[in-house]
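Chemist: One-letter residues, chain by chain:
Protein chains: 10
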Amino acid sequence: MLYLVHMVVNIPASVPAEEAARIKAAEKAYSQQLQESGQWPHLWRVVGEYANYSVFDVASNDELHNTLSQLPLFPYMQITVTPLAKHPSSIR
Amino acid sequence: MLYLVHMVVNIPASVPAEEAARIKAAEKAYSQQLQESGQWPHLWRVVGEYANYSVFDVASNDELHNTLSQLPLFPYMQITVTPLAKHPSSIR
Amino acid sequence: MLYLVHMVVNIPASVPAEEAARIKAAEKAYSQQLQESGQWPHLWRVVGEYANYSVFDVASNDELHNTLSQLPLFPYMQITVTPLAKHPSSIR
Amino acid sequence: MLYLVHMVVNIPASVPAEEAARIKAAEKAYSQQLQESGQWPHLWRVVGEYANYSVFDVASNDELHNTLSQLPLFPYMQITVTPLAKHPSSIR
Amino acid sequence: MLYLVHMVVNIPASVPAEEAARIKAAEKAYSQQLQESGQWPHLWRVVGEYANYSVFDVASNDELHNTLSQLPLFPYMQITVTPLAKHPSSIR
Amino acid sequence: MLYLVHMVVNIPASVPAEEAARIKAAEKAYSQQLQESGQWPHLWRVVGEYANYSVFDVASNDELHNTLSQLPLFPYMQITVTPLAKHPSSIR
Amino acid sequence: MLYLVHMVVNIPASVPAEEAARIKAAEKAYSQQLQESGQWPHLWRVVGEYANYSVFDVASNDELHNTLSQLPLFPYMQITVTPLAKHPSSIR
Amino acid sequence: MLYLVHMVVNIPASVPAEEAARIKAAEKAYSQQLQESGQWPHLWRVVGEYANYSVFDVASNDELHNTLSQLPLFPYMQITVTPLAKHPSSIR
Amino acid sequence: MLYLVHMVVNIPASVPAEEAARIKAAEKAYSQQLQESGQWPHLWRVVGEYANYSVFDVASNDELHNTLSQLPLFPYMQITVTPLAKHPSSIR
Amino acid sequence: MLYLVHMVVNIPASVPAEEAARIKAAEKAYSQQLQESGQWPHLWRVVGEYANYSVFDVASNDELHNTLSQLPLFPYMQITVTPLAKHPSSIR
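Chains as they are written, first to last, in my numbering: chain A, 435 to 526; chain B, 435 to 526; chain C, 435 to 526; chain D, 435 to 526; chain E, 435 to 526; chain F, 435 to 526; chain G, 435 to 526; chain H, 435 to 526; chain I, 435 to 526; chain J, 435 to 526.
None of these hints come from the bench; they were simulated from the model. Treat each hint with caution, since some may be false.
DSSO-like, lysine-lysine: derived pairs with alpha carbons at most 30 Å apart [claimed, not checked]: (1) D:Lys458 - E:Lys520; (2) F:Lys458 - E:Lys458; (3) J:Lys520 - A:Lys458; (4) B:Lys462 - J:Lys458; (5) I:Lys458 - G:Lys462; (6) I:Lys458 - H:Lys520; (7) A:Lys520 - B:Lys520.
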């Protein structure tokens, strides 16, 4: 089941640079693990912004929330979720 | 080169039903031709709306505009384009 | 799986009164069938508006879109879908 | 009498972690007490956000405000209240 | 129980002038009846707009919706309802 | 001359608790003095928010600004003013 | 007493050209009469738009509403009113 | 003196196709005359929309408004004007 | 050449009170000098807000930006500029 | 390939003045290098704001993102990118 997810990152200046670097590294590792498992099939950077559009493929709303809320950057992101359905003109 | 494209369809009541049906059939055929050529790799329905999120893969801004403006539903859609770039954490 | 659904109805003046009455009756019958089957567990009127907030309980995004797009009033509604998850403080 | 209530939580970084944990625990206890008393019949997490949609069942606007303003997280939430009425198509 | 109600009137050009005049006269009569009964204690024009801010005093959300939805101008108004509570600094 | 005034309070965390308490007490005293003088005839809490809707009755725009800008909470409020006129259907 | 007034004109296509011309001529005559009487001291075109920003100088909210609602273009304008006060740095 | 101008075109269905074609041809001729005279140095299509971003180079606000309001499509466009100044880092 | 300028002031709590007082005094002196030179012909307080609407009369976009960016409060203001043109119904 | 880029600068008070000056100098040098290479053909100040509208000429979405994300002010800017295409009425 697919969802379009928009994430905008905003790490406040009060987070020390080392802590921010640690969080970003953990985020990258976790996101790559989810990409490899197939739960996060698409991850694109929005040009000019510290933001991404992603597609998640999960079994339920609960699985999506659990996955997103464990992102190391979760406390510093504004996330918007759009549920997707099969389009009648799609050839896939 | 990838772009996220959001299309919201609004066919006014003044378009006769037969004409609307003809336009939708042409739209479907054209979209499937673009999907098969690889220019329109993803097409998803937004749940609960007469709208879609799509990903286009084209060589330039001009090619994208030419492609979108030839959609049979183009006069009846509100389209928003977001250019995408490779994400540093993407494994693709 | 639960979704909050917001529906705002706007039947244009170009729809004849009898046709509008027929659509509303069909909508009522269909909505009550979905309520009885358990797919539409909550349906509330928004005070002062021709709008409702509803909760749907379905197995997937696709099932929700299929259900909503078959509503007789679907062409005349602006629908917004918010996916819901279990809340950690909920006692249910 | 029912109200849809949307709560978005935003605890500023200036609140120490222990204090935040204490507030969240008190919030959970208070919310469960209200759920058990029947005043807070529904509490759902919004997928991907530190937010919830809730339904409250109270006797008056004043009772709702008193209830909400005593939430331990009240100073850190943006709350929006929508009064609900019986829908003519509801089977309940 | 008090509610602030904002009403913006927009009668489409397709309504004949005589019909519009008849609706406005009925609206005036109905609103004055509600004012005299105490359900509509305040009715103010917004300067420069075909709109009003009103205060309603009713026993429940359902009573408010029933009252508003019977306004002769209801099909031609955009209505927003804000529930009000006693303010701790109010001397009333 | 009447004005609808919407006030949203937001006291930043940098204001010490004692100072905040002192400001709120002064605000309450000043608001009650204005209510008793007839300049602030209505003061209602917005349900679920640290905000109010008020009606002021003053002789001029200048008098209203002078009154509002002397509110002890003025530096911590977002205020919106809507001028009101007599409504032709009002019985008052 | 001064007010900033923003007027956006939108004459629907259903108004015949002759009728529109008649309304615009009446609007011009009425606006010039108000300018000469001192009630409408400033009238500026917004560059690129069929809109204006104006300053009105009237004795009360009621006088302003009466004046604006008699504008021949009133049914075809979206009007926003901002009450103005003396600025402490103004030399006037 | 430079201005960024955003134009969104929306020709209503009530304009006959021949009339629309005539207006578009006149718009093209007029725009090319202004481009050649140097008053309209840049004209770009917004990808996916019936809209453009343009730069105008004129001597005054009045000249810009006169130029824009004579565009054959002016009655069917929503225009937004942003005045531009020399940027201190520009090498031009 | 006239421009409507909207300025909203927001001095952060981190600016010491003495520094804020010094900046406001410099702002007042500078604004009065510009009013006397004729570049800032109108300066009005927005009722209930720490904001003003002003009219500037300058020779060019560049002169306006230079003037505004030298305001002592410039770093603490959100400024919006609307270019104005002569209105065909204005008697001035 | 052209893009319109809107940049709004907001350097927080927590950045020391010397650091801010260093960043701005680096930004100026980098922007001038990009202007000279032809990648940043237009850079204009928005009148009254600490913001600019720019046109970039690059080979791809990726090149644009790489260029923008290396701007020394990137962490302190809100950037919006609009892809541009050739306009059929453009004489260029």
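Chemist: Against this structure, judge whether each hint is valid.
Modeler: Results of checking the hints against the structure:
1. D:Lys458 - E:Lys520: holds (28 Å)
2. F:Lys458 - E:Lys458: Judged against 30 Å, a Cα distance of about 45 Å means the pair is violated.
3. J:Lys520 - A:Lys458: violated (39 Å)
4. B:Lys462 - J:Lys458: violated (51 Å)
5. I:Lys458 - G:Lys462: Violated, at about 42 Å.
6. I:Lys458 - H:Lys520: holds (28 Å)
7. A:Lys520 - B:Lys520: Between A:Lys520 and B:Lys520 the Cα gap is close to 25 Å, so the pair holds against 30 Å.
Hint compliance for this structure: hints 2, 3, 4 and 5 are broken, all remaining hints hold.
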